[in-house]
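J.: Read top to bottom, the protein sequences are chains A and B.
So for the first sequence, our numbering puts the first residue at 29; every next one is plus one.
So for the second sequence, our numbering puts the first residue at 29; every next one is plus one.
Source of the hints: derived by calculation from the structure; they are not laboratory data.
A couple of the hints might just be wrong.
For identical chains, the list gives no copy identity; a pair is met inside one copy or between any two copies.
[What the hints assert, rightly or not] In silico DMTMM-like links for lysine to aspartate or glutamate, alpha-carbon gap of 25 Å or less:
#	residue 1	residue 2
1	K232	D267
2	K232	D304
3	K173	D122
4	K273	D155
5	K296	D257
6	K269	D210
7	K232	D209
8	K158	D123
9	K158	D267
10	K232	D202
Fair warning: this is a prediction, and the values are worked out from it, not measured in the lab.
Protein chains: 2
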Amino acid sequence: MRDFSNDHSALTLNTATLGHNLDGYGAGWPVERMIDACTERGLGGIVFWRREIGNRAVEIGERVRASGMQVVGLCRTPFLVGPLAPPTRQQVMDDFHASIDMAAGLQAPVLTIVVGGVIEGSHSMTDSLKTVADIVAETLPYAAKAGVKLALEPLNPVYGGNRSCLVSVRDAVDMCEAIDDDHLGIAVDVYHVWWDTSLEAELKRTGPKRILGYHLCDWLADTTDVLLDRGMMGDGVADLKAIRKAVEDAGYVGPCEVEIFSANDWWKRDPGNVLDVMVERFRSVC
Amino acid sequence: MRDFSNDHSALTLNTATLGHNLDGYGAGWPVERMIDACTERGLGGIVFWRREIGNRAVEIGERVRASGMQVVGLCRTPFLVGPLAPPTRQQVMDDFHASIDMAAGLQAPVLTIVVGGVIEGSHSMTDSLKTVADIVAETLPYAAKAGVKLALEPLNPVYGGNRSCLVSVRDAVDMCEAIDDDHLGIAVDVYHVWWDTSLEAELKRTGPKRILGYHLCDWLADTTDVLLDRGMMGDGVADLKAIRKAVEDAGYVGPCEVEIFSANDWWKRDPGNVLDVMVERFRSVC
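This is chain A alone, in the form it adopts within the complex (with noise of 0.2 Å):
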């Protein structure tokens, strides 16, 4: 495995971490304050959300190239079904090219697909995982385009009903096969898939070129506030050796990409900080 107790410029900022300045979370950092505090920590990459961007992908992606570290990625596609995505399917076809274009704007090599919730009424996942994969399927060549890669994120199981009925590494990958497109890949949370004991096996038949993102953060025992109350590296119980070992062994060996949600905790403390402790966590127990 890469040693990065000497060395994190695999390391990448998910502006999440940050709070996202918004609904009274976050210091209220801007964009450009960001970057530079990346840049002065080592930080190989930073991944945006698009509510952060807005009409000014270009700028912002020459901003952070400048500084000599990379767009990794940009979160993410409109859910595509299920009672959380936009109503209709013009409405999400629309919004999945619009997120596809910011991408190719801010020259982010992949787009995250958050898919959505089982269809209401539908009763079905398999019904609903169907869906998605046709939506999937009709957008990748406009992706592909575009120059940008869309990485399917299979979400822990409890968001299921609401906002991803692709709850496993295993049937993210199977639609991947399915589907069988260059443009196409899966991203690995550890949020998501700490749990999944079957995640090695998976990540080995998928293989490297359909791993397009390995995201960090920690799983807290005591979670009871599944959408905001994730922890930093090491305060938790999941086995990020183990995780990072079953990622690398399937051949990934790009951005580590550090994604905390964190209402109570980690969006209340000063940004600076919270990007010190990150650095230090990411090199000594990832």
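Position chain B against the provided structure of chain A, taking the given hints into account.
T.: Chain B only, in chain A's frame:
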């Protein structure tokens, strides 16, 4: 599949559905009234929690059978490992034995095991599962002597940190195969497995002898309280008919046990009404 529209003798009440009469929930019904209400509605069985039984196991078991029903099971063992388990191994074993004794007193054929979360400081699901397997294997002779089968219940992965490092049917089946004892099997609960697209294959792999229980409720699309916000069958997104087909295709023909923790909805209703709705939903949507 069995046709429940004309026969609900397989229907079993898990008394948790009526709110336990604890912590301000439930209508205060004593055990006797619960038994009578189930009998009046033609249910075939009842599953108790230890807190309701005290030292009256034999008396209550006899009363259930005199009413024409069966004591289908008992909830449950102590947590065996993790942050919520009793502090010492000896205390775990003592309470494990006490729960077996109570099941035997009730003449309940099955005792449910909720294994407990990842062992503190271990950061390892795998090591925690090994310790669970050791404890279960050590206890099986005692259970066999008492005539009680032990049902490993995999919980939803959201509970992996604190309540159950056993979070998939696959892992539960693996543990049963490894221990290979006639008194060990699994319980399949809709709340915990509804998302699992490998359910059918895993149940076929283990076969009917090892399926010791089938628990019903529904997963509400907008689940946020993961402990006390379960849905009544038909109100959520789970594919109840597909899950039952998977269970029955694997050969299970036992009771169907309704277990709904619902602090803000069903526990606030009149228990008689809850039972009436439960019977109606069981016949129409399960």
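J.: Indicate which option fits the pair K158, D123 if close means a Cα-Cα distance not exceeding 25 Å: within, between, both or neither.
T.: within (20 Å within a copy, 47 Å between copies)
J.: Up to 25 Å between alpha-carbons, please classify K232 paired with D209: within, between, both or neither.
T.: Cα proximity of K232 and D209: one copy only (18 Å, versus 32 Å across).
J.: When no copy is specified for K158 and D267, does a C-alpha distance of 25 Å or less occur within a copy, between copies, both, or neither?
T.: between (32 Å within a copy, 15 Å between copies)
J.: Is the C-alpha distance from K269 to D210 at most 25 Å within one copy, between copies, in both cases, or in neither?
T.: neither (29 Å within a copy, 37 Å between copies)
J.: Is it within, between, both or neither when you check K232 against D267 at 25 Å Cα-Cα?
T.: within (18 Å within a copy, 30 Å between copies)
J.: Using 25 Å as the alpha carbon limit, work out where K232 and D304 are close: within a copy, between copies, both or neither.
T.: Close neither inside one copy (33 Å) nor across copies (50 Å); limit 25 Å.
J.: With identical chains treated as interchangeable, where does the CA-CA distance between K296 and D257 reach 25 Å or less: within a copy, between copies, both, or neither?
T.: Classified as within: same-chain Cα gap 12 Å, cross-chain 29 Å, threshold 25 Å.
J.: Checking K232 and D202: alpha-carbon separation at most 25 Å within a copy, between copies, both or neither?
T.: both (13 Å within a copy, 20 Å between copies)
J.: Is it within, between, both, or neither for K273 and D155, if the alpha carbons may be no more than 25 Å apart?
T.: between (33 Å within a copy, 17 Å between copies)
J.: Pop the pair K173 and D122 into one bin, within, between, both or neither, using alpha-carbon distances up to 25 Å.
T.: Within one copy only: 16 Å inside, 65 Å across.
Checked against the numbered hints listed earlier, the structure breaks hints 2, 6; every other hint is satisfied.
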